[in-house]
Every structure is written in C-alpha cells, then in structure tokens.
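There are 4 protein chains.
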Amino acid sequence: MLKTNHTEVAVIGGGIIGSAIAYYLAKDKRKVALFEERKIGSRSTSAAAGMLGAHSEYKEFQHVYSFARSSQLLYKELYHELKEQTGMDFEMKKGGLLQLAFTSEEREERNSLMQLPAVEWLTREEAKRKVPHLTDQIIGASFLKEDVHVTPAIASNSFSKGALLLGAEIYEFTKVFSVVNEYSHYKVNITQGSFTADQVVIASGVWSNYFFQQTGLMNAIIPVKGECIAVLNDQLPLVHSIFHDQHYIVPRNNNELIVGATKRWDDWNEEPTLEGIEMVIKKAKEMLPSIQGMRWLRSWAGLRPQTFDGFPFIGEHPEQKGLYFAAGHQRNGILLAPGTGKMIANLISGNPVNSEWVEAFKIDRLPSAVSIGRG
Amino acid sequence: MLKTNHTEVAVIGGGIIGSAIAYYLAKDKRKVALFEERKIGSRSTSAAAGMLGAHSEYKEFQHVYSFARSSQLLYKELYHELKEQTGMDFEMKKGGLLQLAFTSEEREERNSLMQLPAVEWLTREEAKRKVPHLTDQIIGASFLKEDVHVTPAIASNSFSKGALLLGAEIYEFTKVFSVVNEYSHYKVNITQGSFTADQVVIASGVWSNYFFQQTGLMNAIIPVKGECIAVLNDQLPLVHSIFHDQHYIVPRNNNELIVGATKRWDDWNEEPTLEGIEMVIKKAKEMLPSIQGMRWLRSWAGLRPQTFDGFPFIGEHPEQKGLYFAAGHQRNGILLAPGTGKMIANLISGNPVNSEWVEAFKIDRLPSAVSIGRG
Amino acid sequence: MLKTNHTEVAVIGGGIIGSAIAYYLAKDKRKVALFEERKIGSRSTSAAAGMLGAHSEYKEFQHVYSFARSSQLLYKELYHELKEQTGMDFEMKKGGLLQLAFTSEEREERNSLMQLPAVEWLTREEAKRKVPHLTDQIIGASFLKEDVHVTPAIASNSFSKGALLLGAEIYEFTKVFSVVNEYSHYKVNITQGSFTADQVVIASGVWSNYFFQQTGLMNAIIPVKGECIAVLNDQLPLVHSIFHDQHYIVPRNNNELIVGATKRWDDWNEEPTLEGIEMVIKKAKEMLPSIQGMRWLRSWAGLRPQTFDGFPFIGEHPEQKGLYFAAGHQRNGILLAPGTGKMIANLISGNPVNSEWVEAFKIDRLPSAVSIGRG
Amino acid sequence: MLKTNHTEVAVIGGGIIGSAIAYYLAKDKRKVALFEERKIGSRSTSAAAGMLGAHSEYKEFQHVYSFARSSQLLYKELYHELKEQTGMDFEMKKGGLLQLAFTSEEREERNSLMQLPAVEWLTREEAKRKVPHLTDQIIGASFLKEDVHVTPAIASNSFSKGALLLGAEIYEFTKVFSVVNEYSHYKVNITQGSFTADQVVIASGVWSNYFFQQTGLMNAIIPVKGECIAVLNDQLPLVHSIFHDQHYIVPRNNNELIVGATKRWDDWNEEPTLEGIEMVIKKAKEMLPSIQGMRWLRSWAGLRPQTFDGFPFIGEHPEQKGLYFAAGHQRNGILLAPGTGKMIANLISGNPVNSEWVEAFKIDRLPSAVSIGRG
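Chains as they are written, first to last, in full-length UniProt numbering: chain L, 1 to 375; chain C, 1 to 375; chain B, 1 to 375; chain Z, 1 to 375.
Honestly, the hints are just simulated from the structure, not real lab data.
Fair warning: this is a prediction, and the values are worked out from it, not measured in the lab.
Among the hints, erroneous ones may be present.
[What the hints assert, rightly or not] Result set (SDA-like, lysine to any residue): computed pairs, CA atoms no more than 20 Å apart in a straight line:
| id | chain 1 | residue 1 | chain 2 | residue 2 |
| --- | --- | --- | --- | --- |
| 1 | B | Lys76 | C | Ser70 |
| 2 | C | Lys282 | Z | Lys285 |
| 3 | B | Lys83 | C | Glu91 |
| 4 | C | Lys187 | L | Lys94 |
| 5 | C | Lys282 | Z | Met279 |
| 6 | L | Lys94 | Z | Glu81 |
| 7 | B | Lys3 | Z | Lys285 |
| 8 | C | Lys130 | B | Glu81 |
| 9 | L | Lys175 | C | Glu91 |
[Unchecked claim] FRET-style restraints, in silico, Cβ to Cβ:
| id | chain 1 | residue 1 | chain 2 | residue 2 | range |
| --- | --- | --- | --- | --- | --- |
| 10 | B | Pro289 | L | Lys285 | 17 to 25 Å |
| 11 | B | Met114 | Z | Leu297 | 53 to 61 Å |
| 12 | C | Met218 | L | Asn351 | 53 to 61 Å |
Yeah, the Cβ is synthetic: ideal placement off N, Cα and C, and Gly gets one too.
Just need the whole structure built from these sequences, with the hints factored in.
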C-alpha cells in the first residue's frame, strides 16, 4: 500500500517508458508513485535489444525524426547522470549500426537518410572491413554511427532508481485494475486496495489497450510479438550492430549477440515458438552466415505495442483532464523513452512542447484513409 | 480472443483451483473458457510443495475435515483418470508425512487426530527408523500415512489439459480487468477486448481480492507469502515428508527436497528475501540437522491467499446470481482443488452439496467475535 | 579423499553406465568406489531422451538384439526395486514408440523387426488415431510397444543412490587423471591425490578414449554430438514417442516434449549451435507439423560415444588383468545401462556371461574390412 | 584437434590466469594454444566477485604488494586496449572499497596500509555518508579508492578473445590428462589425442595440483571453497564495495550485489551448501543490516587454489626446462591475472623480471618453520 493514500502523479507501468516518466517527473519535483505489476524493466523492456535506432527507423519516423533524434541525444547525458547518481551503468555501447543493402533499390530508398551527417555509405568492401564475416550478398551498407545501443533492463532500472533517489515511490508486484475519474482527482484501484492521484499516466505498453478502450478512445494498441535469441560469439568479435529488414544482430559487453526479431501480429503469448526461432536463425544467417556455427544461449519473446499509424500515443485525454497516455511505442520504446519521459513531464508541468510532436502523438488522432502496412 | 464471443462459464484464474474447476465443469458438459494472466499452474500453484495435508492440518480444518479428506481421496482416482487421458503424471508420491512432536504438549494437542485410522503414533526410535537423520530432539511423530504429495504445476496442467480434451477453451496470457453484471449475463473485460458468459467463477487466489471488493463483499483476501528452497539430497534417501509448525521437507522423484516455508503477512512481493531464506534453513536444520550439508539448488516464493477465518470462499455471490468465487485456500490450495472443483461444478449444475461445507465457505459469512490468529 | 586409501573396485565415470555398474557390483557385495568428475548423471546421460529403443534400433543391434532386449527388460524390475529402496522414481513412461515409415522401402527394411511379438504395424489411419497431429506424409508406422522411456538423470541417480545404500562410496567432483598398473593392484591418480583398487572399470563415455589409447588399444571412441530441444506442448497430449531416422519427439510427465537429435561427428563441444537447432526443428516438423507452433523451453547437447562398429566396448583388457572398460554405447547408453552393469558385475565375479555378447563387445576386437557407415 | 600438431607454447587452463597468459604471450608474438576443459572463464573465475584488492589484501601481500599493485594498474590500460580490440567491456567499476573496522584493534592493524596514497580513513559518519545503510557498529572504515572491481568472466573472455585476434588458438571442451617431457619438447595428451609444444604453462587453478605432484614438487595446492550469493538491491544504490574479514558486498552494473564468501578448506565440491549460504547472509547482515530485506537471485561456489604460504606459484620447473606453473592465486586470481600473464610472458621470452617476485613465487620454495594460518 502507499505510504499515504494520495500522490500527485501516478504512473501505471514500470517498463522503460514508465520508468523514464517517473524519473523526469521526479526531477521536476513532482511527488510520483510508479506502479508495476511485476518487476521494473521486465517483459517487453527486457525483451528489447536496446538499439537506439533514430536513423535505422528514419523512414518510419517521417516528420517526427526530430523527436527520435532528440531522445537519442538525451541518452548521452543520461548515461553519465544516472551512473553518477545510481552507480548503475546501462552499458551504452558504441560502434553504431550497419544497415545492410542487398539491392540497389534498397540503396535508393535511403537517399534522404544518407544526407544526414551521422550517416555514411559503405561499399561492400568497406563494410566487410568493419565486419569481416558479413555476407557477400550485400551491395553495401549504411553506417549509422550514432545508432548505438543500451541494455534495456538496466536502463529502465536506472531510471526508476534515479526517480527513487529524487523521492519517487516505486511499487513493484502491484497490479492496477482500474482508474476512475472522481472529479477533483483519480481513484486508482489496485489489488491491495486503492489510492488517489491528481494526475495519472498510463504507460503499460500493449496492456494500455484496456484503459484506452475504457476511456472511450477508439484507437487500439495491439501486440506485435517479437521473438529473439542470444548466442555466444566464439568467433571474431563483432563491434557493430547489423540490421536489415527489421532483423538485427547486436553485440553485448560480454561476447553475447542478441539476435531478433520476428513480427507476429496480435499474438499475446509472451513466449517464443519453434517457427519463430527458425525464422530468426534464417534471417541472421542471411546477414552473417558464420553465425550458424555459434553456440545457443537462450530465447525469449516480447510484445511490441503497435498503433494504427506506427506512432505512439503521448498526451492528455481529450475529455478527462489529468489522465495521460504514453504507450504504443512499437519497436522503438527504448529509443523514445527519454523523449517521452521529458515530454510527459513538460505537458504535466505546463512547459512548452514542440507542437508537431503534440499533434503527431495525440491520443485521439484519427486514422487517415490509408492505414499503415505491416512493414 | 475467444473463438466465439460468448461462453457458458468463464473461469478467471488458471492456478490449480481454476484448472480443477474447469475440469469438473467440462466433465459436466459445460462450455467452459479458462482465463489465465500468465501460464497455467504458475505463481502460487508452482510455489507449493504439493502436500495433501488433510491430517497435518486437521486442527485447522475443524468441522470441515470431511471436505479436506474427500478432496484428498479424489486425487486417487484423478491420478489414474488424468494420466490415462492426458499422458501426464502429476507424481503422486507415497510415503506419507511425519509430523514431528518436540514436546508432550504437542503430542497432547493431537489427541483427536490420533484417533483417525490413517494416523499412527511413532516413538522417537520408530520415527528414526523411517528417517535415520531425523533430529534427536523429538519425543515422537504422528505418521500421517495418507498425507502424500503431488507435483502442483503438473497437477494443474493435467486438469487444464483434461478440460481441453473435454472441449474447454484455455486462454493463457490473458488478463481480466473487470467483470460486469449485464442482467442476463456477465461481460468480462480482458486486455484483448471483451466477451460474455452466463456464469463467472473467480479463482484468482489472492488476486481475487480486487473482484471481491468490487462486488461489495466486506471480506478481504490477503497474501501470506511463503518462501521456499530446493536442495539436492546427496545423503541417504528421504522417503517420507517431514513437517513441524508449518515448516516442511518434501522429497521429489528426482532426489530434490522441497523445503519451506515462511509466513509473511500482507507481503505482495513474489520473490524470496535473504531473511526468509535464513529462516527456512534454520527451521529445516531443527528437523533434519544434516540438511545443512546438502547442496543448494534454488529458491522461490508464493502468495497464499488468506481469509479472516482461514477457510476458503467457495460459493455464489449473495446478490449477483451466476457470479461465483473459489479463492482463499490459504496453504491448502493443492489439497482442496479437486473438492473445490467438484463443489463449484455441483453448485452451478444445481446438484446437492454438503450443507455444512456450503455454510462454512459461503462468501459473505461474517467474522466471529474472535478473529483467527496468525498460527 | 577416500575413507580408506584402497577399494575393491573403482568405477571411473558417474554417468548412467558407471552408476549401473556400481549398483550391480554393490548388489554383489563388492566394495565399490565411484568417481565422477562433475555430478552423477550429468553431461551425456542428462542429454539423452531416455528411450529404451531395443526395437527402434533393431537393425543396428543385429546379433546382439538379445542383449538390448534383456537390458530393456531389466528396467521393469529395477523400476520397482529402486523406487522401493531410494524413494526415487525414474519415470518409466508407458506408451511405446511409433517408428514412422514414409516410403514402402522403409516398411520393407523392417520385415524382420515386424515379426517380433512386441511390434505391430499401424496404417496411417491407425497411427493418426494414436497421434492425431501426425504428418499425413507417412504410409504407416511400426508401433514398438515396449520401447518406453525413462528420465535418464533420475535413473542414473537412482542407481548411484541404490549403490550408496548397499555400501558403495560415491565421489562427485573428483577427476581421474591416470590409472597405473602396479602389479597386484591399480593406482588411480585423482586431483586430490591417489588410492589403490583391485579392479578398475573405465566407464567415462567418450572421455574413455584417453584411457583406451593409453593402455595400448588401437580402437578409438569418438563423439557424435547430439543437439536437442525441449518444447511445451500446449496442444493435444502426446502419449507415444515418435521416431524417424534417428530423430524423435518424446513426451515427459509434465507436458514437455524432448526433441532431438543431430549427429555431428567428432565435435567435442558440448553446447548446441544455431544450425543444429535449425535441423532439429526441421526434422520435428516433418514428423509432427503442428509442433512449429509450440513454445520453446530450452536446448542442450550431449556427446554420444561412438565406436568403429557401433557396438560398445565391454570387457577386460587383454593384457592388464583387472582393468575393465564399459564405454562406447553410442546413442543407446540409457537402454544398455542395466545390461552393461550386470555384465561387468558378472565378469568381475567370474559368473557366466553370454559368450556371444562377450565376443561382440570385447575391447580389442578388430575392425572388419568394411567400416561402419555414418548412418 | 590442433590445426597443426605442434605449438610453441601450450597453456593448460582457460580461467582468467591462463587467458591472461595467452594474451601476453600472443602480444609477444608467440604461437600459443590455450586448452580449457569447459568454457573460457567458467568455474573459479566466474565464481569470483572481481575485486581488485591490492590494498584490502595489503597485509597478506607483504613484500609483494608491488606485484599486486602493478597488476592492479595494468587493468587500467587493459580496459581500453581490450575494449578497443574485442568490443567487449569487462565493466571496470569505480567506487573503490570500504574496508570496515569494528574495533580499534582492527584500525591499528592497518597502520602501514593507511600510509599509502590510495588509502583514506573515514570516520563512521563519513563512511555512512558514502553508504547510508551501513551498520552502526563500525568505528570507521578504510576507503581503498583504487580497489575497484571488474566482471571476471568477461575479463577472462576479453583476454582470450584478444589473444585469438593476435593469432592464438583457443580450444574449449578439451581436457588435458598428462604432460610428458620428451627431451626437446613436451607431449600434451588430451582426450582427442595428443600434440607437442616447446613450452607448457600449467594454469589450472586448484586442479594444477595433479601436475604439480606428478612433476615431483612437494607443495600442494588445495581448494578453499567460497560460497556466494547474488541479491537484487531494491533499496538505495550501493556505489562502493564493502569488505570485512574476507566477506564482501560488491555492486554490479545492473543493481545486483555480489555477496560472499565462505572459506571451506579442502572441499572440492563446486556447489554451495545450506550452511554456507546461512553464513554468507549472516556476515552480510553484520555489514549492511538492511540487506536482509533484499531479494534473492542465485547462489554458486568456486574453489580458490590455496598454497602453503598464500602466495601463488609462478615460475619454471626447477628440473623440467620449459615447463611453467602459474597457479595458486588463492582469492586474488582476478587481481593478479595481468601481472601473472606479463611475468610468465617475460620469463618465457627471457626478459627481466623483478627478482623479489621471482623468489617469492618460485614453485619449489620450501615452507618456512611457521606455516600460514587459515586467516
């Protein structure tokens, strides 16, 4: 139960989005309580590889690339700030990302991306100098120098520990069943009882869908399940991440490679299947053929929260003042967490926020005539 | 999502209680759908040692010993029935249980227990012939021959698999947020959407508390967390379970011993702590001193659903017809699962049920003047 | 260190072969010490699925089918005997094995097998009545009713625990470096020091190769690595094992399926690779297509000890009296353990042993002109 | 098997000592082959907390503090060097170590230590400002600023990966049975066969004992088993390691605390026991009382290789030229690995080595009249 039965802001969900929100709110001197059904940074957060792919997802971000990029840049200062405060190190790993191109069409699709200063084109030979075991089938690769990666579970716990040090209350193993508007405040019903909050932020990933529906919003958040594996690299080291067509190979500190990920629409089961693992191995071999001889470590799955247009819902409910959503970050939750945390904190504090972002992420936006593909 | 958007009976909770209910309902040819937030038989069910302690808990059962005993006896037929149907074997392990007595007071408290045919008194020497490494500090032990044990996670999955074969639908990774009475039926809201059911059975262990409160019932279900460890017995075999003062050592098929359990009131955190583990080791050494040299395997914790008088809530809601509860089985969920499953099936089908049980377990019973101790 | 510095028989290796030998020797009232580098029943023993395939391997056994069959039958009495003594249950699971036939050639190759009383031919329809999800691509299946299975790690530990109860000494975490013939006895050098034994039995699976070479035997024992996976069967139950072309799907008590196994010659690495896992999934899907939707649990690998002709080496060294080998059981170690244990005990005690078996398994037999294929 | 059947230097043992030796030899352009029975950096290396305790062990190091200190300093350059080359990050974590003092006697024993520039005395209040939850029972603490720590398994793998990049051959899953002096070279017998080497370095930790004995050295290396646990710190962050009387609490990147360690003499079993875990918890509570409420994660054990005087054996065999030992580093293997690797490389290359170190570590030194205590 809460230390008192009231808090200023209640954040529902202790994944990386909720953790970042709690951190930025606590920095703004808000009295925050964070509620997580299981453990901080578990489930979809832990399942992520942690790539900060502001450029690898450039095409998808469209006019909100600036949001993605600013969130990516926030990680640089957060790394030192949170390490200093919490003693934790979320392993921001340099090396960047090689986005492979197998055809000249793929090369051409990236024309505008290639104009950006953090992006460089590598010929096949140049790419293979960076990753000697890379497939011979590519024509080249975009080298996205700033698309580094972090270890998501640690990043999420760094945020929540940082928030704790700034006075936030963190409640794990606490399940929220409903959020009820009681005029001057919200009543939040949890397994243990209930408490009240002036503001509520729903940041429960795909499980936000229920609250969404309950508050009369028409939009849905559905899962796109991703299956991943980890392998032990007993061959030459891999310093750069490799990426193609939503599949990736990401090196960790300890010689492990994180390899993912499938895309299964509307599958709520959080465990990997045999066919998912088969697909992940197949795609990894296309990028790095020698990976087939590496040793198996483990497999897992996570649910990406998908929205109709691929952009997250970040904003206040149009009718219920004080009720915010920050969910639907799809496969970019790790990248967008600092930006989301800062934006929510600014919205709650009444600070100015880039109006283009507000518009792009508003939670009652309508689907355009053309719905998003399953790209 | 459901195959259709309506079912006859919705069971909320896929622990051993919910699984047994689904099985008995399916045997009664009900169209059943079982909803489990994680995996069948996980959490508190998996955390249990699986002792069928109708006699070791004799004092606590009081006038409903007959219910406990009949549930214990149901396991004998279920073992063969479910093995035959599902190919699964929930490892009903003979050997019974030695309930140690360290003082003559403890011996005397068991006078009425000792009258029962399945119970035998062993002197210290007789007890040590059965378990040579037993502590010398006892004066003797009650030998409860029929308090055998099962492997709870397998038992729970056997029930759900049996139900599946009889036509039930099993939905794992499906979270229920609310159950709404809509006159002729109930609307059940899940993450994925909603569906309707003629009857609903809440069997969510301690997490049933929320639904309880929501339907106007005054009683609470609170957790009594139990911390356990498993050790590898590299010494002489242990054929019998050992029990004293709610602490136990239970042998599994594979030479592992399950050792438990602490009692932490109102602790919702599902992971063991250092002090809990210290306590479990201390108590185990009091019973079996040589266990201190055995090898560590792992630790875990589970939440026992505790009610004000120690009896479960099994029955229909007094005002909301068609809404049933089957929760609050405290540390006896495994033992009481078949009895509970059968009772709920009979209540729903309108078959006769022992009126003493109905009375003892009814969900709106009032606390007597003297509340239950934390024994 | 040993309790004394001398033992009658030293058994080197605590897998299922060494454990069974220790058990049968202890039953013969020999003073036995068993030495295992890691833990009893780990490595190749734990990696095995546990099928007792006297008939599924009928073609390979040739003239020593009688040995395989008698070992299979020994399990029936051992199951009750060891359960009684040790309280352990190695889960001998009925249901037998369906050996699939995809072509009429496969059917014909089994003509002599099909004459045996424990074997029955099933048409495709009959086979699919037993396993509804079986592939449609088969023409039928041999139903090998007595090729049941056990859980290998538990079986191995039951043997060693049984031996312990009969007075044997069991030393885990004890590495043997060399065995030196000192005329009247053998000196066994272990990490901790050394001790002497009248007789020594090398039962170290593929790692026996070193001792083999050191004692002047020309034959080699090489690994054939097998990679396996476990999956959670959340579909209809599987009661029978399924087998084809050295690949299998074996159901355990708890709803898990054990799926294996690749054959990698001369690979000493004990961990699975991505390509191995890919192959196991591919072959499993050919037998049971719906398995692709089942949930991943884990993967592992084990080293089968392969000999030049596929038969184990069981017997006394031709020159060094008192030095025995029992190794090279290839993929049939679990099946042949009781037979091997009994045979070694009989050889050491001077009891009669089937001369055909002695001949077939003698450790200095010569390769015939035609060497064994890699079938 | 080796790519060729001869190598210049064979290193036996792939823990952190053997890995560091291989790395420094490869840097010296030696043709090196490293043999590891299991996996690089497993067993005792993985079991270590990774403290670089040149100062916390100051009293024990006596006249070879300079060796410990120089090895500690080598880590600073290695960190960047190996990260650059291999992409791996062995997590050298700043924060230093608080060596608690509970009595004024403890304070006085450290008089000479306290003279060193990297050491500072903290009063109780100062210590508690650094670690607020620290026990009130201390009178103060030595703050050892440079006794930082690394993650041992990653450090070991960084060394071996670095060696691989410099041309070394790494053989995991390869067991060495014997090393035979064949005049001009050594024959090394492995499970797979044999090969020859000009020089051999035995770096097998406590398992070096066998080779020691075989080559006529009188000294023994015996295990001092250490049992450890990991806990999840869900309280305030811990930035500094805490140390007292060989027990410690060390924070990792990810909010885990590594807590150890018992000292069990001559226990070769590599798994923790219940009494060991009890002791570790008890000692941790004496240092940081609130740790008792933290969550359990896991437990393990490792074998420290202990010598008669507490100093490692590093040097050439007095009679068998070209045979080197580098073992017996007791609880300081991680700290001393770079120094040992460099010293062995220098000895083999004929480069000058500090004569005091050579003398202190020579492998045939005799015990003095007063043997080392079990401090």
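* Find the hints from earlier in the document that the structure breaks and name them by number, from lowest to highest. => The structure conflicts with hints 1, 4, 7, 9 and 12, although it agrees with all the remaining ones.
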